[in-house]
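Just so you know, the sequences run in chain order A and B. For the first sequence, the residue numbers in my numbering are 1 to 212. For the second sequence, the residue numbers in my numbering are 1001 to 1223.
In short, the hints are calculated from the structure, not lab data. C-beta: ideal position from N, C-alpha, C; glycine also. Please note that the accuracy of each hint is not assured.
Across the chosen pairs, the derived CB separations fall in these ranges [to be verified]: (1) A/Lys43 with B/Val1106: 44 to 50 Å; (2) B/Pro1034 with A/Lys43: 30 to 36 Å; (3) B/Trp1065 with A/Ile63: 51 to 57 Å; (4) A/Phe39 with B/Leu1176: 38 to 44 Å; (5) A/Ile14 with B/Thr1074: 34 to 40 Å; (6) A/Ile63 with B/Gly1036: 57 to 63 Å; (7) A/Arg108 with B/Glu1056: 30 to 36 Å; (8) A/Ile14 with B/Glu1056: 53 to 59 Å; (9) B/Glu1102 with A/Leu10: 41 to 47 Å; (10) A/Lys43 with B/Ser1023: 34 to 40 Å; (11) B/Asn1209 with A/Arg40: 40 to 46 Å; (12) B/Trp1167 with A/Gly54: 27 to 33 Å.
The calculated EDC-like cross-link candidates involving lysine to aspartate or glutamate, where the alpha carbons are at most 20 Å apart (straight line), are [as the list claims (entries may be wrong)]: (13) A/Lys124 with B/Glu1071; (14) B/Lys1053 with A/Asp38; (15) B/Lys1133 with B/Glu1084; (16) A/Lys33 with A/Glu112; (17) B/Lys1066 with A/Asp38; (18) A/Lys110 with B/Glu1084; (19) B/Lys1078 with A/Glu115; (20) A/Lys124 with B/Glu1102; (21) B/Lys1070 with B/Glu1102; (22) A/Lys133 with B/Glu1102.
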Amino acid sequence: MLGEVLEIALRSIIVSGLAAVLATSWGIPLSLKLVTDDFRGKKFILDVFRALVGIPTVVVGLILYFLFSRSGPFGGLRLLYTPLAIALGQAVLITPLLVSFAYQALEREKGEVWELAMSLGALKNQASSTLIKETIPKLLNASLIAFNRAIGELGVALMLGGNIKGFTRVMTTAIALEVSKGEFGLALSLGGFLLLITYSITAVSRMVGGKS
Amino acid sequence: MIKLREVYFSYNKEPVVKGVSLSLGNECIALAGPNGAGKTTILKLMAGIYRPKKGEVFIEGKNIWKLPEKEAITLRRKVVYVHENPIVLRGSVLNNVIFGLELRGVSKEEARKKALKLMRKLGIDELAEKDAKNLSAGQAQLLALARALIVEPSYMLLDEPLANLDWKRRKSVLELLKELRETGRSIAIATHDAFLVSLVCSKAYIIENGSVVSETLPPAIFQ
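All chains, please: the whole structure from these sequences, using the hints.
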């Protein structure tokens, strides 16, 4: 039982870790763009992201299911029911959360760091990289919080992964399955493990955030 | 010369700078006025940090907001603005001081050498390896001055440069400002300090409610 729990936990960490990396790779540049550029519709975009923070995971799962299903526009990629599909789905799910946190962190620093760089003759891209450099602990904190959201979600993992044993089964889908089978012991072990992971990440993010 | 022509600026809807025209040639000018009058914003407009909502900003005869970034940067790099409340970056004091040189592509070794020489002159060389976030307000003010001076700007825009300094450091900064004037540096100072203005500046603009209400000679400024 322990071997199975560890295998599922490891898969969960890898899949959600990849999701956090993907969301960070597009979420941070997007947040930077929103902070440093003034353009029409900026407030609207920010409001949309804020509203999507609480989007139900099954809704994201459903939309991506249609996109990745055989008859969907990305059906040819044969991603459905693979760990990569779960990672992509979770990345989409956590992007609004990550953008909201990253935007807040960058916006707070912008008034000082950006202005300082500009006052000393920085090009726009130099000012941007200085801003990112100075905000790294807070951005890392945003990524960790987003990872926590990803590893704890069920809807996307279930709809895009299909809970295939030894392949796409992650902690949340395994818990749901074990509860439906009445196997509360394994479900509780997995739940405990999930809580341990999220607590550890929260502690790390608190430490990282504290340094900033 | 830096010139503002009929410049307007607002952070939100309410304008904070309203049709300001002024110039900074080879001289020291003071921007004086009550808190919230718009002095800091005017300095930031002069430095090309803020883009005016209306009006034009010229540095050495060129409208910097109509130039491509690469051309504008050559002019903007002749101007340095020093914040009233110094902003420090993460890292050591030395790394903070060489920041402007790094932006200009100067090698780290050369930058460090130059920085240590300047820091010795300002009496802050002992702080070189200290974490910049742990400086006192006065030390941070000197760091900000060193960071500005190291890039050898033609125009220095200083926001309350003597704030946070004790009398001994005020004296050395005053001497430094005089020395900068003697070497032909153009200086604009936003300040409440009549003493500073009378010692260094040749002209003063009185700013009230976002507008220049008068232009006067320093001895008359606080009458």
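We went through each hint and held it up to the structure:
Range check, A/Lys43 to B/Val1106: about 40 Å between beta-carbon atoms, so the 44 to 50 Å window is missed. Under the hint 30 to 36 Å, the C-beta atoms of B/Pro1034 and A/Lys43, about 33 Å apart, fit the expected range. Under the hint 51 to 57 Å, the C-beta atoms of B/Trp1065 and A/Ile63, about 43 Å apart, miss the expected range. As the Cβ distance of A/Phe39 to B/Leu1176 is approximately 42 Å, the hint placing it in 38 to 44 Å holds.
Remark: the range hint 34 to 40 Å for A/Ile14 to B/Thr1074 is contradicted by a beta-carbon distance near 49 Å. With their beta carbons about 50 Å apart, A/Ile63 and B/Gly1036 fall outside the hinted range of 57 to 63 Å. Between A/Arg108 and B/Glu1056 the beta carbons are some 32 Å apart, a value that agrees with the proposed interval 30 to 36 Å. Between A/Ile14 and B/Glu1056 the C-beta distance comes to about 56 Å, which sits within the given range of 53 to 59 Å.
One distance hint, 41 to 47 Å for the beta-carbon pair B/Glu1102 and A/Leu10, holds here, with the actual separation near 42 Å. Between A/Lys43 and B/Ser1023, the C-beta spacing of about 37 Å keeps the proposed range 34 to 40 Å intact. Roughly 30 Å separates the CB atoms of B/Asn1209 and A/Arg40, a value that falls outside the hinted 40 to 46 Å. Evaluation of the 27 to 33 Å hint for B/Trp1167 and A/Gly54 yields a failure: the beta carbon distance comes to about 57 Å.
About 13 Å separates the Cα atoms of A/Lys124 and B/Glu1071, which keeps this hinted pair within 20 Å; it holds. Of the pairs offered as hints, the one joining B/Lys1053 and A/Asp38 holds, with about 13 Å between alpha carbons and a cut-off of 20 Å not exceeded. Distance hint between B/Lys1133 and B/Glu1084 is fulfilled; the C-alpha atoms sit about 16 Å from each other, no more than 20 Å. For the proposed pair A/Lys33 and A/Glu112, the alpha carbon gap of about 17 Å is at most 20 Å, so the pair holds.
At roughly 17 Å between alpha-carbon atoms, B/Lys1066 and A/Asp38 fall within 20 Å of each other, so this suggested pair holds. For the given pair, A/Lys110 sits about 17 Å from B/Glu1084 by alpha-carbon distance, which is consistent with the 20 Å threshold. As the CA atoms of B/Lys1078 and A/Glu115 are separated by approximately 16 Å, the hinted pair is consistent with the 20 Å bound. Distance hint between A/Lys124 and B/Glu1102 is fulfilled; the C-alpha atoms sit about 14 Å from each other, no more than 20 Å.
Between the alpha carbons of B/Lys1070 and B/Glu1102 the distance comes to roughly 17 Å, so the proposed pair stays at or under 20 Å and holds. Taking the CA atoms of A/Lys133 and B/Glu1102, the gap is about 14 Å. The hint holds against a cut of 20 Å.
Going through the hint list in order, the structure does not satisfy hints 1, 3, 5, 6, 11 and 12.
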